[in-house]
Amino acid sequence: MADMYVFETTSLLEQLDQILMKTENESSFGEEEINEIFRTMHTIKGSSAMMGLDNMSKLAHAIEDMFYIIREDHPVISSMGTLYDLVFNASDLMKAEIELIQEDEYNPTDFTDQMNKIEAFAAVLKGGAAPESAEAPAQQVAAAAPAAVSSSSPLTSVKVWFEDECKMENLRALLVINRITDSCSQLEYFPADIETNGDTAKVIIENGFDIKFAPADGSNIDAVTEIIKTTPNVKNCQIIERGSGAAVKAASDGNVTTVRVHFEDDCKMENLRALLVVNNIKEVCDSVTYEPADIEDNAETSKVIIEEGFVVHFTSDKPQMVLQTIEGTPCVKAYEVIEDAAPAEAQAAPVQQTAAPAQAAATAQTAAPKAAEKKAEAPAADAQKSKEQINNMLGASKGGAKQSLISVNLNKLDTLLDLVGEIVITEAMVTSNPDLKGLRLDNFQKAARQLRKLNSELQDTVMSIRMVPLSGAFNKMTRIVRDMKVKLGKDVDLIFEGEETEVDKSIIDQLNDPLMHMVRNSMDHGIEDNVEDRIAAGKSPKGKITLSAYNASGEVIIVVADDGAGINPEKVLAKAERNGILTKPASEYSEKEIFNMIMLPGFSTNEQVTEYSGRGVGMDVVRKNIEKIGGTVSVDSKFGQGTNFIIKIPLSLSIVDGMEVSVGESIFTIPINSIRESFKVKPNQLVKDTNGKEMIMIRGECFPLIRLYELYDLKPGTDNLYEGIVILVETEGKCACIFADELIGEQQVVVKPFSSLLNNYNVKQHGMAGCSILGDGSITIILDVSNIISDF
Amino acid sequence: MAENNTAKTTYTADGTEVLFFSIGETIYGIEIKYINEIIGIEQITVVPKIPEHIKGVINIRGKVVPVISVRKRFGMEEIPYDDRTCIIVLEFEDGNQVGIIVDRVQEVIVVKQGDISKTPDSKSVNANRYIKSIINMESGIRLLLDCDKLIMD
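Heads up: the sequence lines are chains A and B, in that order. All the letters of the first sequence, read from the start, carry residue numbers 1 to 792 under the numbering used here. All the letters of the second sequence, read from the start, carry residue numbers 793 to 945 under the numbering used here.
No lab work stands behind these hints: they were computed from the structure. Just so it is clear, the structure is predicted and the values come from calculations on it, not from any experiment. If a hint is listed, it holds; no wrong ones were tucked in.
Straight line, CA to CA, 30 Å or less: simulated BS3-like cross-link-like pairs of lysine-lysine:
#1 A:592 with B:841
#2 A:764 with B:864
#3 A:544 with A:505
#4 A:487 with A:544
#5 A:648 with B:855
#6 A:752 with B:855
#7 A:624 with B:841
#8 A:22 with A:544
#9 A:734 with A:638
#10 A:476 with A:487
Computed footprint of chain A on chain B, listed as stretches where at least three residues anywhere in the stretch have a Cβ under 8 Å from a Cβ of chain A:
#11 840-851
#12 855-864
#13 880-892
Note that beta-carbon positions come from the ideal geometry of N, C-alpha and C, so glycine has one too.
So that you can see chain A by itself, here it is in the shape it has in the complex (with noise of 0.2 Å):
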């Protein structure tokens, strides 16, 4: 439960960032884009007040009314900005609590602060005639409504919904218009042409169907409503603006007001969430009667809510708060004020009627029906869309698509993932098990085949669910370039391209913390602090910080490029003398080993220490977090006009396909993507330089001869190079040769990496990737050919 709150905020409060950062970029809000952080608001309020997180859900609410505020009335925001950082601090806090909810001792942080930022801010936004706090704004349309009623014309509005699903909803808008057509002397509805246009059902699946009319003699409002209700298919009447005869008899009721509450489906126990209602405005009422009346002990009654609402009514000099609560009571679906209720309803619960004056009695009355207006629309908010968006198709399909997603456990991946490597271990186990050796078993054979083409089918299928684009460890770092824009003050550009490159979901997670690294770095020491300098330069006054990814032979690369000021070597190199880690000579260093200095621990060349980086963490950070994914990182930088950071990733860590290869009793295993070929060695090959070092000449070129035993201390079956194989391999443009005994065959084996204990000797460093069990049952470790050709 609590997961699923944590997953469900979160990816709520990153899309929520997401909307803000596109709309910061245009610099003006959408219809749409309100709606949608409305929504979002809407949704974290609720899921947080049902967790019991109050002080999420009243930020939540002190957002969701302040876009209501900017949704409704259009105010022309002066301050952005302001606006953004709210929202974005609100954000930020929200993530926050988030990380500490999942902490085993939890205390509620304090939003007041921010609440009261939020509020006033809001009020502004309500324009000089709002009163200052939040609450007062119901209250000034409550002031305002009784006056516009009255001058309004006869009409009564109501929005009709239709059951989800029932199909030709125009047909269906159609028979409710019949049905009323009697009791009504006067009626209009939107869309007009139901009749004739079909494309008029998905209008009113978007926005609803709108009706407006004057009862005939002998009727009134109700009993029209009521019709409407009882119509097949009809989902919900919701009475927008009742007209003039309403508030004369408003008048002369008592100041009682009756609410429907409907719950949300599959929420259960719909009765005892109908006693919290109860308990919750009990507070801010007066009196409180209900129907069905026996909730506490009858449990059918949740039956009866289902399907007719929770009624409710109350007497308050506060209607508007009552209603808020009866919102923010969590599994609340959607309320609507009726008033006064139906006959048959008034007679099973006779309400309570309170003497007050007829002024209050019409305030409280009006009060009700704008404020229902105004909350209803949240949770109408779902189903209610901009109307540009009402013939975009675009909308529809992508709704489609999301029914055929589900989430599914990264452990439950996990274990699927291993158990495949079970399978592809235990294949070869089968088939190639000893006891077959030397018979000729031509059926058993072709059964072995499809179940080596089925295998390799499930493997890849298991991997491609384990795929992930990239784009939302990209679109993370919108956030981290907008953030530092504002703090220091520079003006950049991030740019994304081939974000859709897709990497397995274990190496997505681990790249976080380095991308994060590396844009910072980008902003803080890449981009020039002074536009002038950029000027100066012949660049754009606007930086730009590009992140790249695409797929190279088995590998995702990803580059952070910025245009900025580029690293002088010379300063590096002077720095890394003075912080003593140098290992040779500061001549002999070559402009690429000067340029990766900066991700050795302890170093950074900013001479102050800035809030985002300085401290000569980050680059080390970087290069430790790629390196545990099995990836590595490099620097390229043209001084002056911009720097690369080069990451390399392989696209999975589990199942590589390698040459085995014998030294002694060990077995290695050769990543194929490595090998480029493999070969007896002639003695005319051989040549020696003057430390005696071996080299193998091939076609002309001479490579380093790695001699697999020599380097960790094995004994060889072979230690003569005549005899034993030698493979060429390539990595990272760099090549040598390995000389090991013999070549076994090819498989493919499943990376198991290798324990703790045996991580804390650095075996990665001595170019070790991982072991792997082969079909005999006995272990081979694979060989990471970078890291072994870098040593020498």
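Given chain A, work out where chain B should sit, using these hints.
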């Protein structure tokens, strides 16, 4: 594996269950809660470039588990493996498994809490490196090993 762990009762009403094994003439104990299983000696795959006391890795039902020679760890001479040589597979809280090679496994005894005393607080006593506490038994004094220190430096 995790389920097994929770099912294990380490502390009975009387005290702690301890498995005793011998290295040469000395008998050492390990708390039962660490022990996953005891297997005979298996083919060990050598992993290069690691300290001498780690003999390599073995395959336990598809899991690659490193094994440590307790003799080497204690700075003693190794003796050839025989049919009494055993690998005790330990499992730690983080799910890591490590095998330790011992000369022979003796018995499991419930040690009363009162019989366990602390090691002397001395830096010069080498034993402190791997010893958790000292067990006074009728048959003599035995040493309870600290598994975490035995495995890690």
